[in-house]
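Top line first, the protein sequences correspond to chains R and B. Going by the numbering used here, 69 is the number at position 69 of the first sequence; the sequence numbering is gapless. Going by the numbering used here, 1276 is the number at position 276 of the second sequence; the sequence numbering is gapless.
Please keep in mind that the hints were generated in silico from the structure rather than gathered at the bench. Please note that the accuracy of each hint is not assured.
Claimed, not checked - The calculated DSS-like cross-link candidates involving lysine-lysine, where the alpha carbons are at most 25 Å apart (straight line), are: (1) R:K133 to B:K1187; (2) R:K124 to B:K1101; (3) R:K133 to B:K1101; (4) R:K124 to R:K153.
Stated by the list, open to error - A few chain R residues that face chain B, going by a derived Cβ cut-off under 8 Å, partial list only: (5) M1; (6) K17; (7) P21; (8) C22; (9) K124; (10) P130; (11) Q150; (12) N164; (13) M204; (14) Q209; (15) H212; (16) H220; (17) Y224; (18) I227; (19) L317; (20) V321.
Unchecked claim - Calculated Cβ distances over 12 Å to all of chain B for the following chain R residues: (21) E9; (22) W10; (23) A99; (24) A111; (25) E173.
Note that the coordinates shown come from a computational prediction; the quantities given were computed from them, not determined experimentally. All C-beta atoms in this analysis are idealised placements derived from N, C-alpha and C, irrespective of residue type, glycine included.
Letter by letter, the chains look like this.
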Amino acid sequence: MKAIIDVREWQATVDLKTGKPCLIDEKIAAPLRDLISRYPYPGDRNDEGADWVTAIAQETVKLYDPQFLYFNYNQPIFNGLYRPRQEEQRQRTIKKILADCQSFAEENNFALVLAGMGDTVPLKGYISEPHLKGLLMASAWSHYLGGLLQAEKGDLELLQKNQNVAAVIGKEELAAAYQMSENYYKLLPQYLLIAKEGYSFKGMFSHNQNMHYTECARTHLPVYSQIGYCGHIEGLNSLISTALDQGRKVLLVVVEGLGEADFTLPYQMLNNLRGQVPYNGYSLVYTLASGEKMENCPLPPLFDMTVQSELPRVFPLSMSVEKLPEKTIGCRSDLRTAAIGCRSMVTHTAINADLNIECYVRASNNMGVMLSLREEKLAGLK
Amino acid sequence: MNCNYCEFRCQMPNSLCKMYEEKDGQIVEKYPHKWCSYHPNATESIPIYHALPNCQMMEVGSFNCNANCAYCINARVATIPENGLFLFDFTPERLAEMTAKSGCAGIHFGVNEFVVSLPSVLAAAAAASRLGLLVGGSSNGFMTPEAAELIAAKFSYLNISLKSFSSEYYQKYTGLPSVEPILRNIKYFADKLHLEITTPVVQGLNDHELPAITEFLAGVNPNIAWHIFRLQPQYKMEGRVPPDINELTVLVEKARQKLPFTYFSNFIGSPLDNTICPVCGEILMERICRSSCGAVLLDNYLNADNRCARCGYQFPLADLNKGGQK
Ligand code: SF4
Ligand code: SF4
């Protein structure tokens, strides 16, 4: 997989596996370079980010005519997370995203499957448990998840007694229950922690911003589907695959920060749990894209980044994966696939489509746009 | 009574950074041992390129700052009016112990200007040394000679941000009154510990100063690592167009004639973020810049005694594990 990165008025091409400069056939690269240079990412704090997804998608349809398309929107989650929630604006954004997706799907003849990742709730407090002897880690993505590393005597009791902690799940417990890859096991924290609704972990890797709202562990997620329903999030992929096999085009959309209360399309609530752990963020997108269960995801829901320097030095722009996933719909050789997302690296790392266009935002800093492509599939670009 | 940690030498009770007060005839911290964040970070991300390649340091920040840079990327931490952030309360021993547990080689004080929390920083540094850990930091370099001496006694490396070569620029865009103390401290630290320099470029405002900074740094140490940052304007400069990469590349190439280890980064995929052998042009260390979260080391081609594998040039890689201070 190769990538073209646009940092405004300047572009680089890199091999995603090695991170080193590479060449891309200019016949393929030229229209794609032009595309991303015309659509700089407006930023996460800006509702225009939602328009960016739909606008770039229209151009992608003209260029590549994908049969499977994935969109990710994150504007509803950021409205309220690190700044006071502006409810009216949030409602407007959600309404617009849902309407845009519907009209896009209709105009371009896609069957629409749209999942909300769950609404955020007002923050009740942080869990920092200052008396732990081990290392408490937090996630900058799923704020209700925490991890405990190098636990010592008394640590578990402290966490179990903490009224704001909903679950403490041992790595070994998970490893005994599920088959997982060596890398997945290595990246799992010694204990995975789940906060009660309204609470968020503060520890190593926490964002240094105050939160106003937080995500919470959702046992069920709202889903709108034009290709039928199933009871569990894990089953949606098979419905999508069947529709594609039948020659239908499918648009899969994930909207972060969208819950049941604001879901104005007809929907069903789908089970979102793997054991006690909810699908969220990367694991949710990957499972929708691949049908694989959580433990077969390239990364655990919260990963121990202290082992980073021990990992193979590959895919430096793709989170901590050893390789890009091969079992997603995005990789199907019999289909043209594309993914467009506001959640930076998750887009190409979870979907791995022929063409992935994502914002390049790190620690809330908008640095440009990255387009990754499977060169051999894109020879037929219009 | 004056605070003598930085060159503002504030007279109490008017602590400009809001972090110090006078108590019982002494200058003390208002918020000792309070930290806004901590996480392992690669040395390349700091950036430190000429020491500890591919090594993790526990990056720790407090809050507030003695400067007020118009483009500050960490303004949410550096400009807190009072104690308005969630803060961790860690004793020096706990901070050092957590660093050791995380597998990091040491503590790096960054995020905001660490001089505004200097007693806590020095206490944590002492605890880290007792556990055999290294200590380093990123600073705007505006400390007093007295503070610089305390830092030099405990730190193994520093990255000083030389934001400009002119006091007018400092006054207008950083809130610091003069470049002179920073230049003085650069010369001082260059003799005491491993030192690297970062210059964030705001096109049209300080890019014309790069030749003068080149001359100055060449006089300090011609082998110094100098990181020229394509500034992504934030905070009060949000909306300003980031510097033109092609135009800055010309200036960086020119600087490399005098300072071969000049790097150009803070944008994804920069082609000028590798360490190149000044004798034969071979790549010695290859990196990819991931923009604001810094670079990653992709390959280190130096041979076992840090020589260029092609021509034998001895690369000046600092060995901080063998003693640290010069
Ligand atoms: S550190 Fe500097 S700004 Fe802060 S009180 Fe002391 S002299 Fe003033
Ligand atoms: S010195 Fe650094 S932390 Fe302080 S205001 Fe300037 S950029 Fe921000």
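Requested in this report: Enumerate the violated hints, using their earlier numbering and listing them in ascending order.
Outcome: Hints 1, 2, 4, 5, 6, 8, 9, 12, 15, 16, 17, 18, 20, 21, 22 not satisfied by this model.
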